[in-house]
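Participant: Read off the chains here:
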Amino acid sequence: MIPVILGVTILVFTILYFIPGDPIRLLLGAEPTPAQVEAKRDAMGLNDPYLVRLGRYVEGIVFHFDFGKSWVYNTPVTSELLQRFPRTLTIAVICMLMQIVIGTPLGIIAAVNRNGWGDRLSMFIAMFGISMPNFWLALMLILFFSVKLGWLPPFGIGGLKYYILPCIANAFPGIATQARQTRSSLLEVIRSDYITTARAKGMSEFRILMRHALPNALLPVITIIGNGMGMLLAGTVVIEMIFGIPGVGWYLVGGIGNRDINVVQSSVIFLAIAFTLIMLLVDLAYAFIDPRVKARFAGQNRRKQHA
Amino acid sequence: MMMSKNDTFLSVRDLVVEYTAEGQVIHAVNGVSFDLERGKTFGLVGETGAGKTSTARAILRILPDPPAKIRGGEIILDGEDLLKISEKEMRKIRGRKVSMIFQDPMTALNPIMKVGEQISEVIKMHNDIPWREANERAVKMLERVGIPGDRSEEYPHQFSGGMKQRVVIAMALACSPELLLADEPTTALDVTIQAQVLEMINKLKKDFNTSMIMISHNLGVVAEVCDDLAVIYAGEIVELGSKEAVFDHPAHPYTLGLFGAVPSLAEEKDRLNPISGLPPDPSHLPEGCHFNPRCPYAQEQCLKEKIPLREIGPGHFCRCIRVTEKEGKYVILG
Amino acid sequence: MLKVATVEGKTPKIKRKSEFIVVARRLSKNSSAVIGFVVAALLVFMAIFAPLVAPYPSAKQDLAHTRQAPSAQHIMGTDELGRDIFSRIVWGSRYSLSIGFLAVLIGTAIGMLFGASAGYFGGVVDDIIMRLMDVLQSIPGILLVITISVVLGPGFFNTLLALSIGGIPMGCRLTRAAVLGVRHQEYLEAATSINASTPRIILRHVLPNSFAPVLVSSTMSIGNIIMMAAMLSFIGLGVQPPTPEWGSMISGGRTLIRTCPWMVTFPGIFIMFTVLALNLFGDGLRDALDPKLKK
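Protein chains in written order, with our numbering: chain A, 106 to 412; chain B, 626 to 959; chain C, -17 to 277.
Since the hints were made in silico from the structure, they are not lab data.
Glycine is no exception: its CB is placed at the ideal position from the N, C-alpha and C atoms.
Keep in mind that a hint or two might mislead.
Unchecked claim - These stretches of chain B come out as covered by chain A in the derived footprint (C-beta under 8 Å, 3 or more residues):
no., region
1, 719 to 726
2, 730 to 736
3, 743 to 755
To be verified - Once the Cα atoms are required to be at most 20 Å apart in a straight line, the calculated EDC-like pairs of lysine to aspartate or glutamate come out as:
no., chain 1, residue 1, chain 2, residue 2
4, C, Lys11, B, Glu647
5, B, Lys749, B, Glu768
6, B, Lys739, B, Asp775
7, B, Lys717, A, Glu310
8, A, Lys399, B, Glu779
9, A, Lys399, B, Glu778
10, B, Lys868, B, Asp632
Stated by the list, open to error - Away from chain C, derived, C-beta distances all over 10 Å, residues of chain A:
no., residue
11, Asp153
12, Pro154
13, Lys174
14, Met203
15, Val206
16, Ser297
17, Pro320
18, Leu386
19, Val387
20, Phe393
21, Arg397
Use the sequences and the hints to build the structure in full.
Facilitator: Pasting the structure below:
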């Protein structure tokens, strides 16, 4: 995991290193002299060679968890990120819960009623779900629930009701994906030989579903949840912008507008680290639950102990 | 039919099974009939796709329902027609009165459930006993098939193919069934393990006094464990009789072909004689005798009429109009 | 050597052609896939023949009729500069659709090359390529694209480049998996034994066999890429006004959402139907290529 985070940091830093034009010039207001620009760059350490800058940045993150300062406001980026992240994470977590709680049963019902009206209807809706741009859905929701009906606020944070629309907009594609994946996983498992074995034992269809089919079908779906979190974190970028939620996503968009490179790279890397950690947790959970993987894992550990 | 009525445990009559896929109808089983005495082993021999597995699954009514349908016939087990009872009652029979051993042990077990649990599951289902006792019985069952009891806490992937099959056998025999359907139980195993597993099945069968239907395409296996056998081709029984009758005096051209294709340790042969041609497409079966395209003795009549099963000897039946007895052997008339 | 080469060359082609017909037939039986294909084709048609379909040029302003609700002359209304929204959507389809198809095409092609090399050569080459893909995939898709876009700046080709790079990991992984699956097959050993050169082996035998999963995956990605392009335009990167890319049209109409909801609604509906059509077709394609998964 560490090498990956390191790799991500280096990659993002390097890509943004090549930003054309000079954001510093823009910072200094109207028509600064070249000398002023150089002085400012020196002060910010931007005239140092690539490796020095990279080393400084990486060292700051790895050893002090310090992302440096905003180029535009000169405020510490780390504290901004830490303050904003809980809001981003809250939305992502709520959306993930919605995805699991609504999407999974939908997928199960669809698979069990294969080709029945329940299946067709939910898959039809799911198709729309994965085809809708989430920012457009957000605007449509605002249009309907805020502008036309005035039920829910379109902007800001505060109580629970401020989170309702953003979460629905962000979660909808995820719910749809979850339903589809659960359905296809379950359909595949149902055709397995061990399901026939279970029938030959005299088990009822319901018991087979609960004890044999679902546990096997839902296992691969766990990894999808990990990936889904990544998409949710990324989706918050526009969602926060639309709903005016001061999270990491909005910070990032602001940084783009201001050409505040440090804010941009730090936000991206921060989110990438969060994503990597979540994927790690998901992988561990999967290894813990699937006995085939657990055994391999344990086997390696035992070998290491004896080595 | 061929055995005394009071001994007959299972009686299959004119079983017809069809599969419907992409608009086509596949005639898998076309009027199969046979009887099985209590405690005996009956062999079903035939090529892949001949309809053996479909017959067995029809008995348990575990054919996959969207494509497969039992179109006709009777399956009378201990006086009860299994095709007429409700699904709920059928479930009581599955795993308890009738159980099945499947062909591929690698996929027959739930990969994420402990082995012991998969056995105690079937015990608990058919017996009103606490889980602890069910688990104990499961462990005992494992030991009977030669697996140490403490391995009941392990998962299928930790067992070899042969041992997995033993678990499957333990599962099938856990409730002391009266009829065991063994669908090519040794086909997917190494030759060296095959003998072991076969021996174990036979021994357990004797211990429990279970009747058994052994499905195989391997004549050696059939010779080893069966008392009577039927040769199936294209969903029909083409020869039926006791093991001695069929092995010593094979009659049907297909059966002759099967025996001709088996390498013998006694004789020296340059080449094996496989039966020419391929099994027919079950969605477009040939008219008349289904074997006629491959039969070296086929005549005009064979291509047109439906051939009935004729008794050619005591308890020995054959579906061929050209076979007659001559000096104690069966020959095809010139 | 020539003789053997032609024989070797003939067989895969014949196999591919009849396979193609079989797949096409299966596909035609799937009604939703057919609908998807037809709708997608109509949209492509609309993009190509935009001058004939759109009633007005995209930049034509009519300052006397700004912010009009949908009417007979402007079936989807006008924006703040009096431009006909329907026309702009039609013209904009050229940008949105071409970005989608081209980005996926380029990204997948590069990805396939990487994947084939990684799978075929194995060892260090495989390690390096896979590490690179791991790093690329650790950044949630849109963030990576944003990062590259920030450097390249807005504009059609810059956005195309950024989105193509985002599409590389998928093609790479799928191709590599397919190559690994096929690598030890006998016909490859046979080809090597008659001295066929390595690149030839990869091109002739390995790639055609990894085609199917990559094709399905790519078709489904097109919709995703179109949405990402719209998202980029929405946040200020991507393709910017006055170019009528659908995402930037939604972004432009955002401030007027209360008074002129049609500005935001219609472009989004078109995005949705485009992506829906492509996804329906992609789903059907997957079912047709792997009939075991069908009903």
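Participant: Are the hints correct? Go through all of them and say.
Facilitator: Cross-check of the supplied hints:
no.: 1; hint: 719 to 726; in the structure: holds (count 5)
no.: 2; hint: 730 to 736; in the structure: holds (count 5)
no.: 3; hint: 743 to 755; in the structure: holds (count 4)
no.: 4; hint: C:Lys11 with B:Glu647; in the structure: holds, 11 Å
no.: 5; hint: B:Lys749 with B:Glu768; in the structure: holds, 18 Å
no.: 6; hint: B:Lys739 with B:Asp775; in the structure: holds, 12 Å
no.: 7; hint: B:Lys717 with A:Glu310; in the structure: holds, 13 Å
no.: 8; hint: A:Lys399 with B:Glu779; in the structure: holds, 12 Å
no.: 9; hint: A:Lys399 with B:Glu778; in the structure: holds, 14 Å
no.: 10; hint: B:Lys868 with B:Asp632; in the structure: holds, 18 Å
no.: 11; hint: Asp153; in the structure: holds, 20 Å
no.: 12; hint: Pro154; in the structure: holds, 19 Å
no.: 13; hint: Lys174; in the structure: holds, 18 Å
no.: 14; hint: Met203; in the structure: holds, 19 Å
no.: 15; hint: Val206; in the structure: holds, 23 Å
no.: 16; hint: Ser297; in the structure: holds, 13 Å
no.: 17; hint: Pro320; in the structure: holds, 21 Å
no.: 18; hint: Leu386; in the structure: holds, 14 Å
no.: 19; hint: Val387; in the structure: holds, 13 Å
no.: 20; hint: Phe393; in the structure: holds, 22 Å
no.: 21; hint: Arg397; in the structure: holds, 19 Å
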